[in-house]
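Please model the entire structure based on the sequences and the hints provided.
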Amino acid sequence: MIEQFLLPCLYAFLACLAFCFVVNVRGRMLFFAPLGSSLGWLVYLLCGLLAGDLVCYFFATVAVSVYAGIMARVPRAPATGFLLVGLFPMVPGGGIYYTMEYCIGGDTGMFLETGLHTFGIAGCLALGVLAVSSTVRLYTAAKRHLRRGRA
Amino acid sequence: MDCDKLLGVTTDIAYDLLESGAEIYRVEESIQRIFAAYGAREGSIFAIPTLLILSLEDETGRPHTAIRRLGNHGSDLARVGAYNDLCRSICRERPPLEEIPAALARIGRTPRYSPLQQIFAGGCVAFAFTLLFGGGLSDALCALICGMGVKWVQFLFDRLEVNAFFSTIVSSFAAAAGVLVLAQAGLLANFDKTVIGILMNLVPGLALTNVMRDIIAGDLVAGLTKLVEALLTATGIALGTGVALSVWQALMGGMPV
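So the protein sequences, as listed, match chains G and Y.
For the first sequence, position 34 matches number 34 in the numbering used here, and the numbering has no gaps at all.
Take any residue in the second sequence, count from 1 to its spot, add 151: that is its number in the numbering used here.
Please keep in mind that the hints were generated in silico from the structure rather than gathered at the bench.
Glycine included, C-beta positions come from ideal geometry on N, C-alpha and C.
It cannot be assumed that every hint is accurate.
What the hints assert, rightly or not - Here's a subset of chain Y near chain G, in silico, CB distances under 8 angstroms, partners left out: (1) D227; (2) N235; (3) Q269; (4) A272; (5) A279; (6) F280; (7) F284; (8) D343; (9) A389; (10) S397.
Here's what the structure looks like:
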């Protein structure tokens with residue numbers, strides 16, 4: 001249990017905390033932004049029990065985006081920061097590396113497969129962000145519309 | 152209302168926002184709000200990651216336009232937040248335009264973490280990601296050292312104003328080469344996990360997360376520019392590590408682990 005879930009989330013937190021120093025995050029954000037990445041990684045791991053990894057990436061991104069959306073309202077900080085730091089562990093660095101390795105090894109089949117999979121991961125991240133921020137936009141637009149209708 | 156003064160001030164704000172790594176729609180919306188707050192007629196702004204165009208009409212209907220080019224832009228989230236707050240307070244309180252440059256300069260002077268701190272942070276990123284991706288403690292310690300090396304190379308190239316693509320290639324070459332040497336010395340258990348941990352310092356995180364947000368907001372050109380940036384960076388990483396691995400294999404006749 002600890003090995004499987006708690007430690008990876010702790011590692012994700014530490015990695016993103018260090019990353020915060022690179023992109024100049026300060027103050028309270030130094031705690032809350034990496035927390036988003038642990039949350040995302042936890043969702044990723046939990047989804048992994050049920051589904052394939054592309055689905056996991058999607059739901060983890062959705063979780064991070066929702067978290068970023070909430071945090072952008074509550075302590076008044078732009079959502080970009082939370083998204084950037086929170087999604088950071090899911091950026092497919094491994095995919096890029098293994099694609100390259102198969103390319104050098106001359107294994108064209110695996111090269112294409114891994115390359116496409118890497119694209120798939122990036123696409124899932126994009127799709128997750130898309131789903132949440134479109135829903136938020138729709139919600140705010142609908143609320144404004146309703147208010148205007150009543151007035 | 153002094154049209155030229157408003158145009159000058161808003162161009163500065165937009166430039167600073169964009170340079171700190173704000174999304175395109177945030178830049179455009181902030182400026183539109185400021186135009187509206189000061190009662191500008193027909194104010195428009197167009198922004199893509201490398202260019203800003205602002206235009207205003209004065210009382211006689213004559214258009215005034217400012218264009219500004221941007222070079223490299225980093226990501227500085229503290230400043231994005233600060234400029235964003237400044238824009239909100241400008242819209243709310245409408246201070247005299249003369250006061251705004253001083254406020255911008257004040258934000259511009261806020262401290263960044265020192266290069267040494269950032270280099271150490273780069274090492275810690277590599278350390279923690281190696282552990283996260285399943286490497287052991289010895290792998291992570293090697294990643295810490297090489298991660299700091301990679302960050303240092305990046306800083307050096309930034310200072311020499313080398314273009315980002317070439318800097319990525321050389322940095323990832325250095326990452327792979329460093330790990331190869333440590334692996335040859337027998338310090339590593341998982342070669343691939345270590346390299347990936349270090350490469351996380353170079354992956355196009357900001358570009359990738361902002362691509363979709365720009366495209367949803369309808370800024371297709373900006374989205375495409377960032378997509379190309381992300382693809383180029385990924386290619387650069389693959390090229391750099393690839394060259395290091397192939398050269399090593401050719402010279403030593405095989406991988407060290």
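We went through each hint and held it up to the structure:
1. D227: Since chain G brings a Cβ to about 5 angstroms from D227 (chain Y), closer than 8 angstroms, the hint holds.
2. N235: Interface hint status for N235 (chain Y): holds (6 angstroms vs cutoff 8 angstroms).
3. Q269: This interface hint holds because 6 angstroms falls under the 8 angstroms limit.
4. A272: 4 angstroms, holds
5. A279: 3 angstroms, holds
6. F280: 5 angstroms, holds
7. F284: 6 angstroms, holds
8. D343: Result: holds, 7 angstroms to nearest chain G Cβ.
9. A389: 4 angstroms, holds
10. S397: 5 angstroms, holds
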